[in-house]
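Protein chains: 4
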Amino acid sequence: MTLNIGVIGTGAIGREHIRRLSHKLLGSRVVAVTDINLEQAARVVQEEGITAEVYPDGHALVGAADVQAVVVTSWGPTHEEYVLAAIAAGKPVFCEKPLAVTAEGCKRIVEAEQAHGKRLVQVGFMRPYDAGYRQLKAVIDGQRIGEPLMIHAAHRNPSVGEGYTTDMAITDTLIHEINVLAWLLDDQYVSAQVVFPRKTSQALAHLKDPQVVLLETAKGVRIDVEIFVNCQYGYDIQCEVVGEHGIARLPEPSSVQLRSDAKLSNEILVDWKQRFLLAYDVELQAFIDDLKAGQLTGPSSWDGYIAAVTGDACVNAQRSGTIVPITLPTRPAFYG
Amino acid sequence: MTLNIGVIGTGAIGREHIRRLSHKLLGSRVVAVTDINLEQAARVVQEEGITAEVYPDGHALVGAADVQAVVVTSWGPTHEEYVLAAIAAGKPVFCEKPLAVTAEGCKRIVEAEQAHGKRLVQVGFMRPYDAGYRQLKAVIDGQRIGEPLMIHAAHRNPSVGEGYTTDMAITDTLIHEINVLAWLLDDQYVSAQVVFPRKTSQALAHLKDPQVVLLETAKGVRIDVEIFVNCQYGYDIQCEVVGEHGIARLPEPSSVQLRSDAKLSNEILVDWKQRFLLAYDVELQAFIDDLKAGQLTGPSSWDGYIAAVTGDACVNAQRSGTIVPITLPTRPAFYG
Amino acid sequence: MTLNIGVIGTGAIGREHIRRLSHKLLGSRVVAVTDINLEQAARVVQEEGITAEVYPDGHALVGAADVQAVVVTSWGPTHEEYVLAAIAAGKPVFCEKPLAVTAEGCKRIVEAEQAHGKRLVQVGFMRPYDAGYRQLKAVIDGQRIGEPLMIHAAHRNPSVGEGYTTDMAITDTLIHEINVLAWLLDDQYVSAQVVFPRKTSQALAHLKDPQVVLLETAKGVRIDVEIFVNCQYGYDIQCEVVGEHGIARLPEPSSVQLRSDAKLSNEILVDWKQRFLLAYDVELQAFIDDLKAGQLTGPSSWDGYIAAVTGDACVNAQRSGTIVPITLPTRPAFYG
Amino acid sequence: MTLNIGVIGTGAIGREHIRRLSHKLLGSRVVAVTDINLEQAARVVQEEGITAEVYPDGHALVGAADVQAVVVTSWGPTHEEYVLAAIAAGKPVFCEKPLAVTAEGCKRIVEAEQAHGKRLVQVGFMRPYDAGYRQLKAVIDGQRIGEPLMIHAAHRNPSVGEGYTTDMAITDTLIHEINVLAWLLDDQYVSAQVVFPRKTSQALAHLKDPQVVLLETAKGVRIDVEIFVNCQYGYDIQCEVVGEHGIARLPEPSSVQLRSDAKLSNEILVDWKQRFLLAYDVELQAFIDDLKAGQLTGPSSWDGYIAAVTGDACVNAQRSGTIVPITLPTRPAFYG
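Chain order of the listed sequences is A, B, C and D.
Going by the numbering used here, the first residue of the first sequence is number 4, and it counts up by one from there.
Going by the numbering used here, the first residue of the second sequence is number 4, and it counts up by one from there.
Going by the numbering used here, the first residue of the third sequence is number 4, and it counts up by one from there.
Going by the numbering used here, the first residue of the fourth sequence is number 4, and it counts up by one from there.
A couple of the hints might just be wrong.
Pulled a few chain C residues facing chain D out of the computed Cβ check, cut under 7 Å [as the list claims (entries may be wrong)]:
#: 1; residue: Q138
#: 2; residue: L139
#: 3; residue: V142
#: 4; residue: G145
#: 5; residue: I250
#: 6; residue: R252
#: 7; residue: S257
#: 8; residue: S258
#: 9; residue: V259
#: 10; residue: L261
#: 11; residue: R262
#: 12; residue: A296
#: 13; residue: G297
When the alpha-carbon atoms are kept at most 30 Å apart in a straight line, the in silico BS3-like pairs for lysine-lysine are as follows [what the hints assert, rightly or not]:
#: 14; chain 1: C; residue 1: K266; chain 2: D; residue 2: K266
#: 15; chain 1: D; residue 1: K27; chain 2: C; residue 2: K140
#: 16; chain 1: D; residue 1: K295; chain 2: D; residue 2: K266
#: 17; chain 1: D; residue 1: K140; chain 2: C; residue 2: K276
#: 18; chain 1: A; residue 1: K266; chain 2: B; residue 2: K266
#: 19; chain 1: D; residue 1: K27; chain 2: C; residue 2: K266
#: 20; chain 1: C; residue 1: K140; chain 2: A; residue 2: K266
#: 21; chain 1: C; residue 1: K100; chain 2: C; residue 2: K202
Simulated from the structure, these hints should not be mistaken for lab results.
These numbers come from a predicted model, not from an experiment.
Using N, Cα and C, we set each Cβ at its ideal position, and we do this for glycine too.
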C-alpha cells in the first residue's frame, strides 16, 4: 500500500521532502506538486524523475482525488490557509514549521482539527525524531536521573546572514528548543525572560547576539538556552538535563577521535543540515507509517500552537526586558 | 522497479533479512524462500506477512523464473553449493559469511564467477557499511593521519556459550576484523601469529580466552587484535589506526553522558546485535541498489576468499605457536 | 629564611593550615597559636609535633614579637577584628573567607590597609590557585576563544546538613564562584538575579535547592551559576566560558577511565575536600613566597570586599525575586 | 632535620635535581657537588645560590664527612662506580637510570647492597610516582577490573635527533615501561619479541621506527608496547590494562576542553619534560622522606637489575627477530 502525497511548495526543503518521499522512504509516492513558481515545480518533477501532476495552486492540489495526504513546505505565511484546506478536505497534512505565523492562526487550526474529530495535522518539528534526543528522553523517562529540575541548553550557529534579525533568534532558532524541551519534559511553559550578554563583535550591527532565554515550566523546571548564531566555531546543539540525582547530556554527534597536531580532537559539524539529517527521514517515515496505522502520533497542531504562544512571549521578553508570563489553556484530551 | 529475491535459509539471520527485504528496505520483495525445515520456512512466510513461494530446496529456488537475486543464509557448509548454483544460473547472490567453509571452496566460487564474466557475488561482511568505520576510512583516505603504520584493535564479547571453541575466535570473531581491516587499509595479509595471554577465569575449560592475533600486511602495516570473548563488561569493538603523523580511532557508539552515582559515564552495549544493526540495513540496501545500477561494489567473493585463506593461517598460528606466512595470489583486475 | 607564623583558630581548617605550614610548605614555621578553646589549641600543638606558644587570644598572638605573619581561621564573625589588629601591628595576614561578615566590615579593612600604605591582607580564596582554573585563565588571556561573552557554571554538592540555609548557597557556596569568575574575567559584577527551579525532594524542608544565580558584569558578560547542594551524585564544579570564537571548559579532575559493567566511566569526586586539596597548598605557599618577595599578589581585601557586596546583592535577589543592581566603587590603583 | 646531599654530575638533570633539593623539596640541602667539568659545577653552585663545596671527583664527594646521601646524575657509564662507592661508604644513593650500563654491573651493585645488609640504593624510575599511574595501580590492586591479563601501551615522541639509534628505543624509551609495568602488575618478564611495522617516512635512515615490543610476564600477562619516536603529533604515553572483568586506562594529562575551529579538542603535550614533571618532585621527596623514616621503598637496585636484563633481551629480540626468553633469578626477600 503506497500513500499518494501532494507537496505544496517546491523550494529547498520542499524539494528535499519530495526526494525523501519518492526515493528514500517506504510506502509513499509524490503524485502532485505545486508552487508559487509553477515552472520551478515542473522542473523539480522532471529533475527528481517522478510522475507527479503540477497543480495551479495549493487548493487545487488539496482537492485532487488521488492526493491522500498533503505536505506543506511553502512560504510560512501561506501555511495556515493550506493546512485549513486540508482539514476541510479531511486529508492528513504534514506542515513545516511554523504551523501558522500567529498564535491565533495556530488556534484556528487546532479548533478546525478538533471539530473534524480526529488528528490530521503533524508539524515539522524533527528533533523528537533525532536518535540522541530519543536516548535522552529514554534516560529521563526511565527515571535514571530522577525528576528533572533544570535544563541547560545551547543552540549555536557559525554565522548568519544579513536577513537574520534579533527576533528570529526566537522564531527560527529557539523554536526547536521550545518544541523539543517541552516534549522531553512532558511539560509546558509558564514564563519567559531574555537577557542579552555582551554582543559579539562578529555579529552585524542590527543583531543582538548572543542571547540567553530563561524559561520556566508548569512543573517548575528552569531552563536556560543560550542562542549564539555567530559563534564561529561550528553548529553545536547542547542539552543537559539536571535531575534530582543525576545529569544527562545529549550525545555529541559520533565522530572519529584524532590525535594530531598536538591535539586530541573530535570534529564539530559546521553545516546545520548535517546535524539532524537522519531525523528528517525518520520524521516523515513516521508520518507515513502512522497514517497507515490510522493514528498520527508526532508533533501535533497543539504543539505548533503552544510553540507559537511561547515564541510570542519570548519575543515580548526580548523587547520588554521583563519576565513575561505565558498563559496556555490545558492540553485537550484530544491531543493526548 | 522492485527486485524479486529468493532467500535460502529462514533461521534467525535469514528471517531478519526477509524482514528487511520486505518491510524496511527500498526496491526489494521476497518472492521465494526455502529451508532445511520447510515447515519453518512456511511459518516465516506467514508470520512476516509476505507472499512468497516455499521451494523444496535451494536449487529449485535458484531456478525459479521470478527469482532475480538470491540471499544465502543457510547452514555454513551449504553456502558454496548454493552460491555456485546461483552463478551457474547467472543470478546475483548475497551470501552470509562464510562464503565457503574452506579456502578451496571460496576459490571455486571465485573461478566460477570470473568464468561467468561479471561480478555476481556479495559476501555478508557488514562492517564496511558501518558509519563509524566509514568515517575512519574517510580520515585515512583523506591523508589526515598520513600513511597507516599500525592498527591496534579489539573484539570483545561479554561471554560465549559452551559451543564456542578456540578456533572460532578466528572463524567467527576475528573474521570481521580480517575483512574490515584489509578494506580500511586497502591491503592484504602476509603473515599471522597468535599469542595466548593468561587465561581468564571466566572462560570454560576448553576455551583459550583471550587471544592476541598479530597480522602483517603486504605494505608492512602491523596489526594487533585482541579477541576476548568473556570480557564480562560489554560488547566492545575498538580500532585505532596509527599513521605517520596522527592516530584515528573508531567512534564509540553514540550515547547519553550521565553524571550519577559518583561516575561520569556512557553506556557500553552488551548485545552484539545492537552494535551493527544499521550496517545490516545499509549493506543489503547497497546490494539491491548496486544490482539496479548494474554493478556490485560490496565485499566480493575475492574478499571472502582472502578472508578464508587468512583465517586458515590464523588457525594454524594458534596451533603451531609460530609465525605463519600467508600466501595470496594478486587480486585479479576483475575484483577492482 | 623561615617565616614565623601565628595561627588564630585551631579548628578543622586551622589545624590543616598548621600542618601545611609546619610539614608541607617551604619556608614557614608556626610559632604561635590560639583558639577560643585553649585546651584544644594546646592539643593541636602537641599532636602536630610543633613548638609553638599558645596565646590567650588573637590580640596577644598578633602582638607577639616573634610572629611575623598571621593566619586567621577562627569563627567568621571574629575575622574582621583580628585582621584589623594585624594591620594595626603592620603584620601581614592571611584570612580565611569571609574577610568580614558584612560588606561594611570588609570596607573598614580595605580602608585600614590603604591607610597603612601597603598590601598586608590575603583572603583565603583558593580557586585562583587551582591548576584547572589557571589553565582556563591562560586560554582566555591567550585570546584563544576571543572576548568572553558568557559563563555557564555549576557548583554541586552531594548533600548538606541541617544547618545549611538558603542564603548559605550564596555566602558559603557561590562565594567561590563570585571570586574566581571575577578573577577569570578580570571584571566585576553589576547585577544579580536568582531563580528557584523546582525543589529537589532530596532537600530538607527549610532549604530551597537548587538555585540559579544570574550575574552580569561591567563588561556585559552574563553568567549563570547553578547551585545544587543535594545533587546526590558527587561534588562537581563546572565552568564553561563562551567567547567570541570558541568555548573553554574547566578540566574535570584527572581519573582512570574504566570499562566495566556495561559502562565507560570516570570517577566523580564525592568529597569536596579532595577537589581543591592541592590549591590550598599552592595558595599558602604563594602567601609565604610573596611575603618573602616583598609583595602580596593573591586575592586581596578588595577582592574580599567586592565578594561581600556581591554576595549581599545575591541574598537580596534571593529574597526579592528581582534583578538587584550591584554598585561597586572603582578598584583603587592600590589593588592593581 | 635536614639531609645533606652530594650531587655527582651537574649537567641538565643534575642541575634540575640540585634545584629541587635546594629550593623545592622539604628537608634536604645540597652541600657538595662535582662534575667531570669542575668549572661548570662551580657555576651551578653559584647560579643556584647554594653553599655547596665543589669536590674534585665523585669519590671525594662520597667520602666527604658532611655528605649524608648521594645523588648520581653523571654520564651513564660512570654510574656503577659511584653507586658502588656510596654503598662501600654505607651512604644512601639515588642513581638516575641506568643503574649500570650492563646487567652484570647492576648485579654487582645488587650483591654489594645485600652484602651491606640494608637497602641503600634508589633508581631514578619516576613513573611509579606519577599520580596517573598511581591511580591506575590503585584500580588494579583494588580488584576493580579483576586479574590483569593484557596491557596495551604506547610511548610516543614527536621526533628524535640524529643520535637516537634503533636500540635506544629499548634502552632509553621502553626502559620506563619495563619498569612501570612490572610495578603495576607486581610481576616480571619471561620473554620478549620485537616486530617492526612499516617504517615511517619521518624517521632518519638509520632508525627503525616505529617498533612494537611484545612482553610476556611470569603470570602470563601479555603486553604490547608501541614505541614510536617520530609520531609528529605529540608526546603521548598510553597504558590500558585489560582485566578479567574490566579495563582501566591511564588518565590523559588534565587540560582545558576547547570548542573552536570546528573541533572539540584537548591539548596533547609536545615536550616530554612536562609530562612527568611533578613525578620527579614526588620521587626525590620520597627518597628524602624514606631515608628519614629509615627505610627506602622506591625503585630498588633489583628493579634496576631486572630492567637491565629485560632491556638486553629486548635488544636481542630486535636483532634476532625471534622470541627471546628472559631468565631472571627470584626476587630476593631483601627486595621485598
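Evaluated hints:
1. Q138: OK, holds: C/Q138 within 7 Å of chain D, min 5 Å.
2. L139: This interface hint holds because 5 Å falls under the 7 Å limit.
3. V142: holds (5 Å)
4. G145: violated (10 Å)
5. I250: At about 4 Å, which falls below the 7 Å cut-off, the nearest Cβ of chain D leaves the hint on C/I250 intact, so it holds.
6. R252: Interface hint status for C/R252: holds (4 Å vs cutoff 7 Å).
7. S257: Holds - the Cβ of C/S257 comes within 7 Å of chain D, reaching about 4 Å at its closest.
8. S258: Since chain D brings a Cβ to about 6 Å from C/S258, closer than 7 Å, the hint holds.
9. V259: holds (5 Å)
10. L261: holds (6 Å)
11. R262: Status holds, d = 4 Å.
12. A296: violated (13 Å)
13. G297: This interface hint is violated because 17 Å lies over the 7 Å limit.
14. C/K266 x D/K266: holds (25 Å)
15. D/K27 x C/K140: Status holds; Cα separation ~25 Å.
16. D/K295 x D/K266: violated (50 Å)
17. D/K140 x C/K276: At roughly 22 Å apart (the allowed maximum being 30 Å), C/K276 and D/K140 satisfy the hint.
18. A/K266 x B/K266: holds (25 Å)
19. D/K27 x C/K266: violated (41 Å)
20. C/K140 x A/K266: holds (19 Å)
21. C/K100 x C/K202: holds (28 Å)
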